[in-house]
Amino acid sequence: MSESLVVPTMAEMLAEGKQPEVLFWVGCAGSFDDRAKKITKAFVRILNRTNVSFAVLGTEESCTGDPAKRAGNEFLFQMQAMMNIEVLNAYEAKKIVTACPHCFNTLKNEYPELGGNYEVIHHTEFLKSLIDDGRLTVEGGQFKGKKITFHDPCYLGRANKVYEAPRDLIQKLDVELVEMKRSKANGLCCGAGGAQMFKDAEPGNKEVNVLRTEDALETQPDIIAAGCPFCNTMLTDGIKNKEKEGQVKVLDIAELIANAQDL
Amino acid sequence: MSYLDNILFAVLLIAGFGFFAASVKKIIRNINLGVDVDRKDNPKARWKNMALIALGQSKMVRRPVAGILHIIVYAGFIIINIELLEIIIDGLFGTHRIFAPYLGVVYDVLIASFEILAILVIFSVTVFWLRRNFIRLKRFIHSDLTGFPKSDANYILYFETVLMILFLLMNASDYHLQNVPGGYSHFHKAGSYPISQFIAPIFNGTSNEVVGLLFEIFWWLHIAGILVFMNYLYFSKHLHILLAFPNTYFANLKPEGQFDNLASVTKEVKLMMDPNADPFAAAPADENAHPAKFGASDVQDLNWVQLLNAYTCTECGRCTSSCPANQTGKKLSPRKIMMDTRDRLTEVGKNIDANKGVFVPDNKTLLNDYITPEELWACTSCNACVEECPVNISPLSIIMDMRRYLVMEQSAAPMSLNAMMTNIENNGAPWQYSQQDRLNWKNEN
Ligand code: SF4
Ligand code: SF4
Chain A
1 MSESLVVPTM AEMLAEGKQP EVLFWVGCAG SFDDRAKKIT KAFVRILNRT
51 NVSFAVLGTE ESCTGDPAKR AGNEFLFQMQ AMMNIEVLNA YEAKKIVTAC
101 PHCFNTLKNE YPELGGNYEV IHHTEFLKSL IDDGRLTVEG GQFKGKKITF
151 HDPCYLGRAN KVYEAPRDLI QKLDVELVEM KRSKANGLCC GAGGAQMFKD
201 AEPGNKEVNV LRTEDALETQ PDIIAAGCPF CNTMLTDGIK NKEKEGQVKV
251 LDIAELIANA QDL
Chain B
1 MSYLDNILFA VLLIAGFGFF AASVKKIIRN INLGVDVDRK DNPKARWKNM
51 ALIALGQSKM VRRPVAGILH IIVYAGFIII NIELLEIIID GLFGTHRIFA
101 PYLGVVYDVL IASFEILAIL VIFSVTVFWL RRNFIRLKRF IHSDLTGFPK
151 SDANYILYFE TVLMILFLLM NASDYHLQNV PGGYSHFHKA GSYPISQFIA
201 PIFNGTSNEV VGLLFEIFWW LHIAGILVFM NYLYFSKHLH ILLAFPNTYF
251 ANLKPEGQFD NLASVTKEVK LMMDPNADPF AAAPADENAH PAKFGASDVQ
301 DLNWVQLLNA YTCTECGRCT SSCPANQTGK KLSPRKIMMD TRDRLTEVGK
351 NIDANKGVFV PDNKTLLNDY ITPEELWACT SCNACVEECP VNISPLSIIM
401 DMRRYLVMEQ SAAPMSLNAM MTNIENNGAP WQYSQQDRLN WKNEN
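These protein sequences, in sequence, are chains A and B. Using UniProt numbering, the first residue of the first sequence is number 1, and each one after it goes up by one. Using UniProt numbering, the first residue of the second sequence is number 1, and each one after it goes up by one.
These aren't lab readings, by the way, just hints derived from the structure by calculation. We put the CB at the ideal spot given by N, CA and C, even for glycine. Hints should not be assumed to be uniformly reliable.
Here are a few chain A residues that face chain B, going by a calculated C-beta distance under 7 Å [what the hints assert, rightly or not]: (1) Ala71; (2) Asn105; (3) Glu113; (4) Lys199.
EDC-like mimics (lysine to aspartate or glutamate), calculated; alpha carbons at most 16 Å apart, straight line [to be verified]: (5) Lys242/A / Glu214/A; (6) Lys37/A / Glu347/B; (7) Lys331/B / Asp369/B; (8) Lys267/B / Glu113/A; (9) Lys199/A / Glu374/B; (10) Lys147/A / Glu113/A; (11) Lys442/B / Glu60/A; (12) Lys331/B / Asp274/B; (13) Lys94/A / Asp133/A; (14) Lys147/A / Glu179/A; (15) Lys147/A / Asp174/A; (16) Lys37/A / Asp437/B; (17) Lys18/A / Glu92/A; (18) Lys270/B / Glu113/A; (19) Lys146/A / Glu179/A; (20) Lys364/B / Asp343/B; (21) Lys189/B / Asp108/B; (22) Lys181/A / Asp237/A; (23) Lys442/B / Glu12/A; (24) Lys181/A / Asp215/A; (25) Lys331/B / Glu207/A; (26) Lys240/A / Asp222/A; (27) Lys254/B / Asp41/B; (28) Lys270/B / Glu86/A; (29) Lys254/B / Glu113/A; (30) Lys442/B / Asp34/A; (31) Lys364/B / Glu347/B; (32) Lys249/A / Glu214/A; (33) Lys38/A / Glu374/B; (34) Lys331/B / Asp215/A.
Just chain A, same shape as in the assembly:
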């Protein structure tokens, strides 16, 4: 990782009179969470390598309001939404890519009614389109022949019916993609959604993330692939709980692609 990352902001772009091809919405986890920052950087390395013209909002970005909305605080959500929409509209943003399914869902589905109309795509869809357009070529590299299972994030899968893009990407790596007993529409939540990430679980007999990790471990994978920073945290914790850190890694699809190309 000697090359430093090139991350222009929308403000800088505007100053140069340029409009990027796509706005990269980093999200709170991607900006602040140590584990998720690695995903952000992996994605940026791919963008840099493929010369995609993109920009971030940087310090002008603010929480989409998703956790507030799912917690029931519609006021706070709409305040956040309207502030973000003001910023996005001022930059005349057209196309937004994000590595967080929660941001993706909120921007895509809940912003239009409040005045924010953009083409919003998840980073797995974006990476897939780069490959389809011949702008990115992918080889298995260090992952060749590995056994990988994919955990569907609720807000990407059931919520928005994106099931294939992440799987297509994994398959490009010459790996063995194995499905868990419940996947796609039947996938089990990692336990983070609906603002659960920010609170303790109610009394029960198990943690949801442990249950989901058990699903994943049943497939005896080398790697559990995730497409959401929150799922990533939950499954990583699950693996720790099962004391399998030595054998099984939890990686975002962007990391799989970037690492396979030694980026």
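Based on these hints, arrange chain B with the ligands on the given structure of chain A.
Same frame as chain A, but now just chain B with the ligands:
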């Protein structure tokens, strides 16, 4: 049949349908207690959903065993009801198998297929009963299903079995009399009886008069049973056989992840953010003279589709068995959310009936008296319940509306969530990081 029979039949029929109509009226009134929501858009997609999901049962076969057996019972229910038309005409006019002469061979085929369906229904219902009572599937021995809901499920199965047996006995006695040498009374040859012809021998050696009387008894019990069953629906989860149709029609068409934006909040937020708005101006005296209540604490705060959902719920528990919270031992059960909503709605309806058409506050609410905050806070909003429901019910939407009430009306979120929300408010992230540091990752290693 003498005239007395015809009159008695007409009275039975009028009573049966009359009571039923009164129940339907009550259900519609109760559903209309909900707040309005527009579900008239995109009729094409709505009809399609109804055709595929309610009529075509497309979501039932996600669990193949139950799904296929259910389709048999359902087809039996619909098709055998064609026979009902003939029974009603025969009953009113004292005829016997009035369609037979007009339909000819078609009549034989119809009666034969009814019989085959009847036996398949008995078989399927028996399997259902075994699954429910002996195989002890987790979703059927669940704590949601105690008391009436548990018995209700079995009553339905008993009802269906008895009705099918009566139907076959009726045919068997008819077949027997059609075939006595020289014929008997009005029992002319009509229909084909692939199943009941094997039951008919039980009448050998019994006098024609007695078999004729038995036929009358089976016939009356069968039609009376159907009318009673129809009126039982009002009290039962079996209501879904009717409400599945409107319910799938009016179900949400938007992506499952899209939660509605509260319009009342949008207004206030816009006003707050508008630099030109005069904060001291008197609130405009428009329709919003009453400050809107945010979220739902009782059934009247839910929308009518959510209330329709509650009446439609089949209590199958597919939602609960796929719920991550429930699978990990939390109190939350999406099925219970629906059952509680229906129970409370029924209670509110009774209150209105008892008080001459107005609801008199009873110091109870759906929140707390039926559904506890502990259940509501356990939801991950994963949509598994919505995806799984065979009739497109959304327990999640009710959970969300009740959370909104807890947070916006009562400030009663768990402490850690309050901390998260304060962070978003102050620094634009759910954690305590400054917005100014949002791009720091770029230069970190
Ligand atoms: S959305 Fe909530 S109630 Fe429905 S299955 Fe998921 S956790 Fe359970
Ligand atoms: S909400 Fe749907 S899935 Fe759940 S019990 Fe009712 S009918 Fe079954």
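Here's how the hints hold up against the structure:
| no. | hint | verdict |
| --- | --- | --- |
| 1 | Ala71 | holds (5 Å) |
| 2 | Asn105 | holds (4 Å) |
| 3 | Glu113 | holds (5 Å) |
| 4 | Lys199 | holds (4 Å) |
| 5 | Lys242/A / Glu214/A | holds (8 Å) |
| 6 | Lys37/A / Glu347/B | violated (52 Å) |
| 7 | Lys331/B / Asp369/B | holds (15 Å) |
| 8 | Lys267/B / Glu113/A | holds (13 Å) |
| 9 | Lys199/A / Glu374/B | holds (13 Å) |
| 10 | Lys147/A / Glu113/A | violated (42 Å) |
| 11 | Lys442/B / Glu60/A | holds (15 Å) |
| 12 | Lys331/B / Asp274/B | violated (43 Å) |
| 13 | Lys94/A / Asp133/A | violated (20 Å) |
| 14 | Lys147/A / Glu179/A | holds (10 Å) |
| 15 | Lys147/A / Asp174/A | holds (10 Å) |
| 16 | Lys37/A / Asp437/B | holds (13 Å) |
| 17 | Lys18/A / Glu92/A | holds (11 Å) |
| 18 | Lys270/B / Glu113/A | holds (13 Å) |
| 19 | Lys146/A / Glu179/A | holds (14 Å) |
| 20 | Lys364/B / Asp343/B | holds (12 Å) |
| 21 | Lys189/B / Asp108/B | holds (10 Å) |
| 22 | Lys181/A / Asp237/A | violated (21 Å) |
| 23 | Lys442/B / Glu12/A | holds (15 Å) |
| 24 | Lys181/A / Asp215/A | holds (7 Å) |
| 25 | Lys331/B / Glu207/A | holds (13 Å) |
| 26 | Lys240/A / Asp222/A | holds (15 Å) |
| 27 | Lys254/B / Asp41/B | holds (11 Å) |
| 28 | Lys270/B / Glu86/A | holds (12 Å) |
| 29 | Lys254/B / Glu113/A | holds (13 Å) |
| 30 | Lys442/B / Asp34/A | holds (12 Å) |
| 31 | Lys364/B / Glu347/B | holds (10 Å) |
| 32 | Lys249/A / Glu214/A | holds (14 Å) |
| 33 | Lys38/A / Glu374/B | violated (35 Å) |
| 34 | Lys331/B / Asp215/A | violated (22 Å) |
Checked against the numbered hints above, the structure violates hints 6, 10, 12, 13, 22, 33 and 34; every other hint is satisfied.
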